[in-house]
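What follows is the residue order along each chain.
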Amino acid sequence: AQTVTQSQPEMSVQEAETVTLSCTYDTSENNYYLFWYKQPPSRQMILVIRQEAYKQQNATENRFSVNFQKAAKSFSLKISDSQLGDTAMYFCAFMKDSGANNLFFGTGTRLTVIP
Amino acid sequence: GAGVSQSPSNKVTEKGKDVELRCDPISGHTALYWYRQRLGQGLEFLIYFQGNSAPDKSGLPSDRFSAERTGESVSTLTIQRTQQEDSAVYLCASSFAPGLVGAGEQFFGPGTRLTVL
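As they're listed, the protein sequences go chains V and E.
For the first sequence, my numbering assigns the number 2 to the initial residue and increments by one for each residue that follows.
For the second sequence, my numbering assigns the number -11 to the initial residue and increments by one for each residue that follows.
Source of the hints: derived by calculation from the structure; they are not laboratory data.
The beta carbon of each residue, even a glycine, is placed where N, CA and C say it ideally should be.
Do not rely on the hints blindly, as some may be mistaken.
To be verified - Below, a list of computed lysine to any residue pairs in the SDA-like style, where the Cα atoms sit at most 20 Å apart:
{"#": "1", "chain 1": "E", "residue 1": "K(-1)", "chain 2": "V", "residue 2": "K56"}
{"#": "2", "chain 1": "V", "residue 1": "K97", "chain 2": "E", "residue 2": "A85"}
{"#": "3", "chain 1": "V", "residue 1": "K56", "chain 2": "V", "residue 2": "Y34"}
{"#": "4", "chain 1": "V", "residue 1": "K71", "chain 2": "V", "residue 2": "S43"}
{"#": "5", "chain 1": "V", "residue 1": "K97", "chain 2": "E", "residue 2": "F33"}
{"#": "6", "chain 1": "V", "residue 1": "K97", "chain 2": "E", "residue 2": "Q68"}
{"#": "7", "chain 1": "V", "residue 1": "K97", "chain 2": "E", "residue 2": "E32"}
{"#": "8", "chain 1": "V", "residue 1": "K97", "chain 2": "E", "residue 2": "G39"}
{"#": "9", "chain 1": "V", "residue 1": "K97", "chain 2": "E", "residue 2": "P86"}
{"#": "10", "chain 1": "V", "residue 1": "K56", "chain 2": "E", "residue 2": "P86"}
{"#": "11", "chain 1": "V", "residue 1": "K97", "chain 2": "E", "residue 2": "G47"}
{"#": "12", "chain 1": "E", "residue 1": "K45", "chain 2": "V", "residue 2": "T4"}
{"#": "13", "chain 1": "E", "residue 1": "K45", "chain 2": "V", "residue 2": "S43"}
{"#": "14", "chain 1": "V", "residue 1": "K97", "chain 2": "E", "residue 2": "D44"}
{"#": "15", "chain 1": "V", "residue 1": "K97", "chain 2": "E", "residue 2": "F95"}
{"#": "16", "chain 1": "E", "residue 1": "K(-1)", "chain 2": "V", "residue 2": "T4"}
{"#": "17", "chain 1": "E", "residue 1": "K45", "chain 2": "V", "residue 2": "Q3"}
{"#": "18", "chain 1": "V", "residue 1": "K97", "chain 2": "E", "residue 2": "S15"}
{"#": "19", "chain 1": "E", "residue 1": "K(-1)", "chain 2": "V", "residue 2": "Q3"}
{"#": "20", "chain 1": "V", "residue 1": "K97", "chain 2": "E", "residue 2": "K(-1)"}
{"#": "21", "chain 1": "V", "residue 1": "K97", "chain 2": "E", "residue 2": "A42"}
{"#": "22", "chain 1": "V", "residue 1": "K97", "chain 2": "E", "residue 2": "P43"}
{"#": "23", "chain 1": "E", "residue 1": "K(-1)", "chain 2": "E", "residue 2": "Q68"}
{"#": "24", "chain 1": "V", "residue 1": "K97", "chain 2": "E", "residue 2": "Q38"}
What the hints assert, rightly or not - Rough simulated footprint, nothing fancy, chain V against chain E, three-plus residues with beta-carbon under 8 Å:
{"#": "25", "segment": "29 to 36"}
{"#": "26", "segment": "75 to 86"}
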């Protein structure tokens, strides 16, 4: 079974500062994908960034980057130059590379960017 | 349409009634997923459709829950004899078939908020 753990229910950061959200997961799979999704109050789930487990290089998308540690089963999200629009729930998610390909989600981290 | 759409946006029902929730996936996406999100929680997988294959129903919480999909288009999630614990946001997502380039990224609809009184 796959489990995803986000140990930070809430985080806050000053505008323009950097914040890191933590995520760990447990799996016996060797090939898989990891994702960070953002869910603002509108409820719309928005993909922030994805990482293929077979890639050693950490994924980056503009101000968003990850620190993927496969051996430690850790997948943290770093948001640089935080903006007010980054305020949202952030979910870490895992997907196997086979079978149903459904996502396994963590319980989320509520991030508030303070002006 | 440009994205995944769901209807209704909100649904209030009385305990014991049946409800139907609808999802229109992105055109060309053969994979379709239903998830449930309880208040303050992450998403729980319910059911997965891929093309004409038999659906993966392993996430359905009880036999009161069922879902159908017509070909590679619209899907409906039906909850019979609703209970108060069914209150949640029900999210639908679609993606390209697993194994294809770009597969893995699921595009989500805005969800249906179900309230069972």
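Verification of the hints:
1. E:K(-1) to V:K56: Violated, at about 43 Å.
2. V:K97 to E:A85: It holds: about 14 Å lies between the C-alpha atoms, which stays within 20 Å.
3. V:K56 to V:Y34: holds, 10 Å
4. V:K71 to V:S43: It is violated: about 33 Å lies between the C-alpha atoms, which goes past 20 Å.
5. V:K97 to E:F33: Between K97 of chain V and F33 of chain E the Cα gap is close to 13 Å, so the pair holds against 20 Å.
6. V:K97 to E:Q68: The given pair, whose Cα atoms are some 31 Å apart, is violated under the 20 Å limit.
7. V:K97 to E:E32: Distance ~15 Å between K97 of chain V and E32 of chain E Cα, so the pair holds.
8. V:K97 to E:G39: holds, 19 Å
9. V:K97 to E:P86: holds, 10 Å
10. V:K56 to E:P86: holds, 18 Å
11. V:K97 to E:G47: With a Cα-Cα distance of about 15 Å, the restraint between K97 of chain V and G47 of chain E holds, given a limit of 20 Å.
12. E:K45 to V:T4: holds, 19 Å
13. E:K45 to V:S43: Judged against 20 Å, a Cα distance of about 28 Å means the pair is violated.
14. V:K97 to E:D44: holds, 14 Å
15. V:K97 to E:F95: Roughly 17 Å between the alpha carbons, so the hint for K97 of chain V and F95 of chain E holds.
16. E:K(-1) to V:T4: violated, 31 Å
17. E:K45 to V:Q3: holds, 17 Å
18. V:K97 to E:S15: violated, 24 Å
19. E:K(-1) to V:Q3: violated, 32 Å
20. V:K97 to E:K(-1): violated, 33 Å
21. V:K97 to E:A42: holds, 19 Å
22. V:K97 to E:P43: OK: K97 of chain V and P43 of chain E at ~17 Å, within 20 Å.
23. E:K(-1) to E:Q68: holds, 14 Å
24. V:K97 to E:Q38: Roughly 15 Å between the alpha carbons, so the hint for K97 of chain V and Q38 of chain E holds.
25. 29 to 36: holds (count 6)
26. 75 to 86: holds (count 5)
The structure fails hints 1, 4, 6, 13, 16, 18, 19 and 20 (numbered hints given earlier, in ascending order).
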